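Let the hints inform the model, and build the full structure from the sequences given.
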Amino acid sequence: MTKEIFDVLVIGGGPAGYTAALYAVRAGLSCLVLERMAAGGQMCETMHIDNYPGFTETIDGFTLGTAMQQGAERFGAKTVYDEVTAVKLDTPVKEITTAGGGYFAHTVIVATGATHRHLGLAREAELAGRGVGYCATCDGAFYRGKSVAVVGGGNSAVADALYLAGICEKVTLIHRRDTLRASRIHEAPLQNAKNIEIRYDSEVTALLGDGHLTGVTVRNKKTGETEDVALDGLFISIGRTPVTALFQDCLTLDASGYIVAGEDTVTSLSGIFAAGDVRTKPLRQIVTATADGAVAAEAAAAYLVGKQ
Amino acid sequence: MSVMKITAADFEKEVLACDKPVLVDFYADWCGPCKMLAPVLAQIAEEHPEYKICKVNVDEESDLAAKFGVMSIPTLFVIKNGEITNHAMGAMPKARVLDLF
Numbered sequence: 001m002t003k004e005i006f007d008v009l010v011i012g013g014g015p016a017g018y019t020a021a022l023y024a025v026r027a028g029l030s031c032l033v034l035e036r037m038a039a040g041g042q043m044c045e046t047m048h049i050d051n052y053p054g055f056t057e058t059i060d061g062f063t064l065g066t067a068m069q070q071g072a073e074r075f076g077a078k079t080v081y082d083e084v085t086a087v088k089l090d091t092p093v094k095e096i097t098t099a100g101g102g103y104f105a106h107t108v109i110v111a112t113g114a115t116h117r118h119l120g121l122a123r124e125a126e127l128a129g130r131g132v133g134y135c136a137t138c139d140g141a142f143y144r145g146k147s148v149a150v151v152g153g154g155n156s157a158v159a160d161a162l163y164l165a166g167i168c169e170k171v172t173l174i175h176r177r178d179t180l181r182a183s184r185i186h187e188a189p190l191q192n193a194k195n196i197e198i199r200y201d202s203e204v205t206a207l208l209g210d211g212h213l214t215g216v217t218v219r220n221k222k223t224g225e226t227e228d229v230a231l232d233g234l235f236i237s238i239g240r241t242p243v244t245a246l247f248q249d250c251l252t253l254d255a256s257g258y259i260v261a262g263e264d265t266v267t268s269l270s271g272i273f274a275a276g277d278v279r280t281k282p283l284r285q286i287v288t289a290t291a292d293g294a295v296a297a298e299a300a301a302a303y304l305v306g307k308q
Numbered sequence: 001m002s003v004m005k006i007t008a009a010d011f012e013k014e015v016l017a018c019d020k021p022v023l024v025d026f027y028a029d030w031c032g033p034c035k036m037l038a039p040v041l042a043q044i045a046e047e048h049p050e051y052k053i054c055k056v057n058v059d060e061e062s063d064l065a066a067k068f069g070v071m072s073i074p075t076l077f078v079i080k081n082g083e084i085t086n087h088a089m090g091a092m093p094k095a096r097v098l099d100l101f
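Residue numbers (the numbering used here), protein chains in the order written: chain A, 1 to 308; chain B, 1 to 101.
Hints may be right or wrong, so weigh each one.
[As the list claims (entries may be wrong)] Beyond 12 Å from chain A on every Cβ pair, some chain B residues (computed):
1. 14
2. 18
3. 19
4. 35
5. 72
6. 88
[Unchecked claim] Dumping the calculated BS3-like pairs for lysine-lysine here, alpha-carbon to alpha-carbon at most 27 Å:
7. 67(B) - 170(A)
8. 67(B) - 146(A)
9. 88(A) - 3(A)
10. 78(A) - 88(A)
11. 194(A) - 146(A)
12. 222(A) - 194(A)
Everything labelled a hint here was simulated from the structure, so no lab data went into it. Every value quoted in this text rests on a predicted model; they were computed, and no experiment measured them. Ideal placement from N, C-alpha and C gives every residue a C-beta, glycine not left out.
Structural data, given as structure tokens:
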């Protein structure tokens, strides 16, 4: 039996991946999505998505991700739940190896997204789930009435701080700059929250506690002074790091590890396209990820026509 | 087999006294990564009758969650002959869940 060669193989079942799949199958191409866990990707950790157009009520990321999957499968896209372990992308027929098998395709759309960035402090892994967390909406409830801190100054960090302020006794927001990067929509709620303290120009330099986090050492970058702050929980929300370990030897990546590709999603290898958060781009949002998916599918279709 | 929902009342009988290796998933209905992990665990329950796959709702069974020191969900424990032999946190693919046994 000869193995099926898909027109388009998508790695990653988030918004970029399933939009690419939707556009590919609607263009008459065969398309397989390889997803390591569940549709939606990073969206699954977001309980309230209010900036994806077309919804009159808030929607959670898991529901939206599943809807995107079903939307693509309605037109014939296939999904296999398996983790990609190796790729061979520089041949006319690309070969993708997974934990449970192997797949062939004429084009590959990389939509592997990004994951939580770690602080990189000693014992961070040991204390994860023991006071140190990366998902405030998942773990916030375990800190009811307690004292927690959020590290970061972007939209995710501020949204986490506001969410935790409704549950915890006190929330300290620790940010390394002198102003927040978060959108202005967060300003009023942040000012109105009585139990949020913001420490600007500050960084966490050590995690304290034996077996469970009991506090952190905070250093003021302007004065150089350090102080130990007692905490029950610390949520780290300092941005994302791209999931590109599989591609570091075959695709051109930027200094942060993102796949170098323009708005046309074209990468350094022919027939390989990058869509969503994994690509070098100015704004990483669900709506820009879905846009990338559509562009990548069109680019893959054009590549296939050119090859004939 | 499907994933069995466990309460404090039947934890002793269904988990600690079980003669098969047991995987216990501490989860909540509102947690995204828990929802991601659920189909993975359902698949393992179907494909691996040699294991018993259980889940504990941390909202309904907060004492049980506290007893196991659960501060992050999902948290998985592997229990063999009444003893915890491994644990892990967060959603993960099937192969990594199976590695816990």
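Each hint tested on the structure:
1. 14: holds, 24 Å
2. 18: Nearest chain A Cβ is 25 Å from residue 18(B), so the label holds.
3. 19: holds, 29 Å
4. 35: Non-interface label fails for residue 35(B): nearest chain A Cβ at 5 Å, not farther than 12 Å.
5. 72: violated, 4 Å
6. 88: Residue 88(B) not clear of chain A: closest Cβ-Cβ about 9 Å, inside 12 Å.
7. 67(B) - 170(A): holds, 25 Å
8. 67(B) - 146(A): Measuring from Cα to Cα gives roughly 18 Å; hence the hint holds.
9. 88(A) - 3(A): holds, 16 Å
10. 78(A) - 88(A): holds, 21 Å
11. 194(A) - 146(A): Measuring from Cα to Cα gives roughly 15 Å; hence the hint holds.
12. 222(A) - 194(A): Holds - the C-alpha atoms of residue 194(A) and residue 222(A) are around 26 Å apart, at most 27 Å.
The structure fails to meet hints 4, 5, 6 from the earlier list, while all remaining hints are met.
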